[in-house]
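Undergrad: For reference, the chains in residue letters:
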Amino acid sequence: MQKSMKLLLRISCFLVLVLTSCATNTVVKDYATVALEKSSYDVPYFSNPTIDYVYKANITVYGNELSGIFIAKKINDTTHRVVFTTEFGNKLLDFEISETNFNVNFIVEELDRKMLINTLITDFRLLLRSHYAIKAQFDNTENEVYLSEEGKRLNYLFVSKSDNNLSKIVHSTKRKEKINLFFTSENNIFATKIIIQHKTIPLKIELNYFKDQTN
Amino acid sequence: MKSNVFLLLVFINSFCFSSFAQEQKMTDNEIAVFKQSVAMVSKKIKSLSTDFVQYKHLDFLSKDIETSGKMVFKEPNSLLWQYKKPYSYAIIFKNGKILINDEGKKSAVDIGNSKLFGKINKLIVGSVSGDLFDDKEFTISYFKNKNQNISKFVPKDAALKKYIKQIELTFDKEDATVVQVKLLESSADFTRIVLKNKVINAKIDEASFTN
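So the sequences go chain by chain: A and B.
Just so it is clear: in the first sequence, position 39 is 1147 by this note's numbering, and no numbers are missing.
Just so it is clear: in the second sequence, position 94 is 96 by this note's numbering, and no numbers are missing.
Check each hint, because a few of them may be wrong.
As the list claims (entries may be wrong) - Quick list of the computed label-pair ranges, beta carbon to beta carbon:
1) B:Asp159 with A:Tyr1170: 22 to 32 Å
2) B:Glu68 with A:Thr1158: 17 to 27 Å
3) A:Lys1301 with B:Lys121: 34 to 44 Å
4) B:Lys87 with A:Asn1172: 21 to 31 Å
5) B:Glu68 with A:Met1223: 15 to 25 Å
6) A:Asn1172 with B:Ala34: 45 to 55 Å
7) B:Ala209 with A:Glu1207: 47 to 57 Å
8) A:Tyr1170 with B:Gly120: 48 to 58 Å
9) B:Ala34 with A:Thr1194: 55 to 65 Å
10) B:Lys121 with A:Glu1173: 43 to 53 Å
11) A:Ser1206 with B:Asn103: 35 to 45 Å
For the record, the hints were derived by calculation from the structure and aren't laboratory data.
It should be emphasised that the depicted structure is a prediction, and the values quoted were computed from it without experimental measurement.
Virtual Cβ for every residue (Gly too), placed ideally from N, Cα, C.
Build out the structure end to end from the sequences listed, making use of the hints.
TA: Structure, rendered in C-alpha cells:
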C-alpha cells in the first residue's frame, strides 16, 4: 500500500511538472488575433536626446526598501546613460546601455554583484528600448497588443485604445511571464509613473517623474 | 591668423585674471584669522535651521537636478534633513538611529555605533555649521575671493573617500557662516547645496526630530 502511494505521488509530481512546463503563457488569452497593422512600434518615453529623464525611485527587493533618484538620458543613437543616486546626490551606479552592449562607469561596492547588475541591465534595456519589430497583433475592446520576438524572449506591448499610449510591456518566455512594466503617461512624450514588477524574483521598481522638471 | 592669436591671448589672459580674481590662496596669517572667526561662530551654535536648494550636477545632463527643503540641527547631535520639492523625503539622525519618512512611508534604521554613519552625521552638521576643521580627518586648503572664504577638505578616511572626493565649504566673509556646501564625486560630477534663511539658536522643538 505504502509503495503504491509513493508511486502515485511520484507520478502525480511528474505530471504536475510536465503539465506546468507545457503550459503556454496567458498574456493574450482573452484577445483576438488580428492582421498586422504595422511592422514596428516606437516607444517615445526615453527616446528624446534633449530630455533629462529624472525620476524619484523606490525599489523593493526581497523585503528591503531602497530609494533614490533615477536619471536616464539618450546620449547617442544607440546608447543611454543611466545613473542612480541617493536623495543626497551620491552616485550609487552609473551605466551606459545599448541593446547589445553595456558599460559600468561606476558602481558602489555594496551593489557590485554580477546577478544584480545583470538583472538591472535587463530591466533598463526593456525600459529604455525605443524600437520593436512586430510579429503579431492582438486586440480587445481596451487594448491593441503587439508581439515582438527576441530570440527565446517575447515582449507584448499593450497600447491603450482610449489614448493611444503604451501602458504595459510584458516580457516573457513562451511559457511564463518574467517582467511586467506599467507606464502612466499624460502626454505620450514621457511617462509620469513607471512600475517594473518582476514575476520570478521579489523585485519591484517604482519610478515617479520629477514634478518640477520641465524640459 | 594674427588676430586669432591675439584673441586667444586676450582670452587666456582674461581667464587667468578672472580666476585669479575669483579665487586666491590664503596666507598663513589669513588662515589663522579665518579659522578663529569660524570657530567662534560655530562654538556659539546650539541650534540651527536653514532652507536649502540642492543642485545635482552630472556632466551629461542638460541642466542640474534641483531639489529643495529644510535642515534643522540641535545640540548635541539631532539632525533633520528634509526635502520638500519635488518630493517629500525626510531623514533624521538621532540617538544612534536613522528615521526615514519617504512620502509618508516611515522606516527606522539602527546604526548603533556605525563609524561611517557617525562620520556622515558629523560631516553634515560640520558642513553646515562650519566646524569641520579636523586635520586628522581631512587635508585642508584655504582660498578667498572678494566676498567669501572657501575651504576645501579632502577626506583621509578610505571608506569616506569612496563616496566623497572633496568637500568645499564657502563662508560669507561678514558673518563667518557657511553659505554653500559642494560635494565633489569626480571633477565633472558634484552636488552643490546653497543655504538660505539661516536661523541660529532659535528654540527648536524636539518634535522636529520625530518621524
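Undergrad: Are the hints correct? Go through all of them and say.
TA: Structure-based check of each hint:
no. : hint                                : result
1   : B:Asp159 with A:Tyr1170: 22 to 32 Å : 30 Å, holds
2   : B:Glu68 with A:Thr1158: 17 to 27 Å  : 18 Å, holds
3   : A:Lys1301 with B:Lys121: 34 to 44 Å : 36 Å, holds
4   : B:Lys87 with A:Asn1172: 21 to 31 Å  : 27 Å, holds
5   : B:Glu68 with A:Met1223: 15 to 25 Å  : 35 Å, violated
6   : A:Asn1172 with B:Ala34: 45 to 55 Å  : 49 Å, holds
7   : B:Ala209 with A:Glu1207: 47 to 57 Å : 52 Å, holds
8   : A:Tyr1170 with B:Gly120: 48 to 58 Å : 28 Å, violated
9   : B:Ala34 with A:Thr1194: 55 to 65 Å  : 37 Å, violated
10  : B:Lys121 with A:Glu1173: 43 to 53 Å : 24 Å, violated
11  : A:Ser1206 with B:Asn103: 35 to 45 Å : 38 Å, holds
When each numbered hint is compared with the structure, violations occur for hints 5, 8, 9 and 10.
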